[in-house]
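K.L.:
With the hints as extra help, turn the sequences into a complete structure.
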Amino acid sequence: MVVLKDLPVEELFLPGHRHCSGCGASMAARMALKTTGREVVITNATGCLEVASTIYPYTSWAVPWVHTAFENAAATASGIEAAFKAMARRGGRTSIPAMVSFAGDGGTFDIGIQSLSGALERGHHLLYICYDNEAYMNTGIQRSGSTPHGAATTTSQAGTKLPGKPEWKKDLIGISISHGIEYAATASVAYWNDYMTKVKKALEVKGPSVIHVLAPCPRGWRHEPADTVKIAKLATQTLYFPIYEFERGVYRLNIKVPNPLPVEEFLKIQGRFSHLFKPEFSSEILRIQDWVDANWTRILNLCGETKTQAT
Amino acid sequence: MQRTIGVTGDEAVAYAAKQSSVDVIAAYPITPQTIIVEQFAQYVANGEVHTEFMCVESEHSALSACIGASLTGARVFTATASQGLALMHEMLYIASSMRCPIVMAVANRALSAPINIYADHSDMMGSRDSGWIQIYAEDAQEAYDWTLQTFDIAEKHDIMLPVSVNLDGFTISHSMEGISVLEDEDAKKFLPPRPLHYVIDPDKPITIGAGNNPEYYFEFKRQQEDALRRAFKAVLETTQRFRRISGRKYGILDTYGLEDADVAMIGLGSCMGTAMEAARALRRKGEKVGAIKLWLYRPFPEREILKTLEGLKSLAVIDRSCSFGAPNGALCSDILSTIHDANLKLKISNVVCGLGGRDITVPMMESIYKRALKQSNVKHVKKEVSFLGVRE
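Listed in order, the protein sequences are those of chains A and B. Under my numbering, the first residue of the first sequence is numbered 310, with each subsequent residue one higher. Under my numbering, the first residue of the second sequence is numbered 25, with each subsequent residue one higher.
Hints should not be assumed to be uniformly reliable.
Sample of chain A residues lacking proximity to chain B, with all beta carbon distances greater than 12 angstroms (derived) [said to hold, decoys possible]: (1) Val-312; (2) Thr-355; (3) Tyr-367; (4) Ser-369; (5) Ala-378; (6) Arg-398; (7) Gly-401; (8) Gly-483; (9) Trp-501; (10) Ile-578; (11) Arg-596; (12) Asp-599; (13) Leu-611; (14) Gly-613.
Residues from chain B shown here face chain A by an in silico Cβ test under 7 angstroms; the list is partial [as the list claims (entries may be wrong)]: (15) Asp-47; (16) Met-78; (17) Val-80; (18) Glu-81; (19) Ser-88; (20) Gly-92; (21) Thr-231; (22) Ala-234; (23) Asn-236.
These aren't lab readings, by the way, just hints derived from the structure by calculation. Bear in mind the structure is a predicted one, so any value in this text is a computation, not a measurement. Built from N, CA and C at the ideal position, the CB exists for glycine as well.
P.N.:
See below:
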């Protein structure tokens, strides 16, 4: 496990960027770069992280960084990795840097899923980090395949008939593992040492790896900027977002939850769920709790944990 | 020293890519381009190349990977056609705007719907404003020669732009021809490794593809346009150097019989071979006819075209694509704007033909000539596109 005194003082994700106060995505980027060091190339899908870290002529990136389009962070990275390999073969730079892609949930769960799938199948040495803020925040909080059931977004509004998004969140880790990759993990900006340890582990894998890191968005989730870490922690402590990893066929539950809280505790401090607390939609909270319980049981089974051990 | 080999147009392109010591190929199969990547896969399987050969899951990812590789400093090649080029559309602009010297063969094919795998220029014409240097080959020899030459053009420091080498689907891509090829050493001498400027390198980190607001975007576009216009000079430099090594003469355009011609036909690709054949036959009957084949379509060579038009009375412009709802075909619109201020006494007629692989024959070319000849004597030409070889 990465500990605080191991971390470099040097920042490779530089201050001065234009992310909102309390932005989870920028925390995920900064922590990852504290782990990668300088021998890395970043590709970034279009999204908050790209826009807010680079408006020309400024940049927050002290390492090589490339943005081409929205749906292709993995494809772009795979081309860079291929180029380093081919050029080394004909006498170019012999040390091949680590490849890390950053993309939001829109760029990963939805428009970028094909490009990600292709890169995972081809087996490039590449770490793909999805910073999940559960909607298209850059374009103004539209629903994505990652937006949870019941969340209000600008395209899944809470009205008199509909309680926000009717559909449920996709299982990104399940999709990733199905490609036969060696390493995949969920993580959270609230558990920095778990996340950074996973980045380190993923980079040691020969081949593709995926980290799905929960990164709250104060604007989209409608919470106080100061509460980002608190809410990310509640996501795990209410069992809404379990923190686990898959390593060469073995699942491991990384954050055990001795005293799980009801999901209501996670929902009630976010404006995007406020309508669920109206009497007409109160059954939705029960439905979400059922989903959380079923998902938790599924993950405990995968990790070979019993309810008493893990909780 | 050169050798003669019997190959299809696609195989000729693959052979040129091999001789160009390409570092990365990322491609997705689509007829009629497929033979290019299949042939290259054979070179990879036999260990004849050092290339990273990426079979990606779509054309969008193909060009995305090519852009990533090109930004890293690799020499990059890809190939596509039709729907594949359409799926790349977003990335075409990004490749040129990020100044990636990628060479892409386009085995020109009609666009759906209805789905049709045969030749026309709808695919590339739909992307003609994408900032790519665009070359059209007439046959397999030209497809081979241009593939070698375009790496040199693309990679020049003051150009750094992608190039498409267009070869008509099936007519060129699948037709076997005897072509002369350079020996490997000569190809290497002609095309040394790509010079590197501003590439992805952890020792010298740079940010590529930053967000841009109204304060800077326009300047980037202006510089891009200037770079594209420098391609005229680059094409001449490269083709002259290639002539010394191959004995084959290329340039911005090729002409036939213009010295004393009253009427000429102008167009792109394989049908210009047919046009020249028709012109030869007509000349034997005493007709004063010539032909202009554009090798370079973007940047559009206005000056060079104007030089060829002096003394002509009538010009037939052959478009192998339909610009729906536009006043003229794509090439004809460019020609009309070229001659607009030139004070030429020239009648223009526009013919759209050969869509979806419909044959363009010598008799068709003769009828195009006859119509243009008739127009040269008419005072006011009624401007309209004529569709030739279609059941109406």
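K.L.:
Hints broken by the structure, by number, lowest first?
P.N.:
Checked against the structure, the hints that fail are numbers 2, 3, 4, 5, 6 and 7, while the rest are satisfied.
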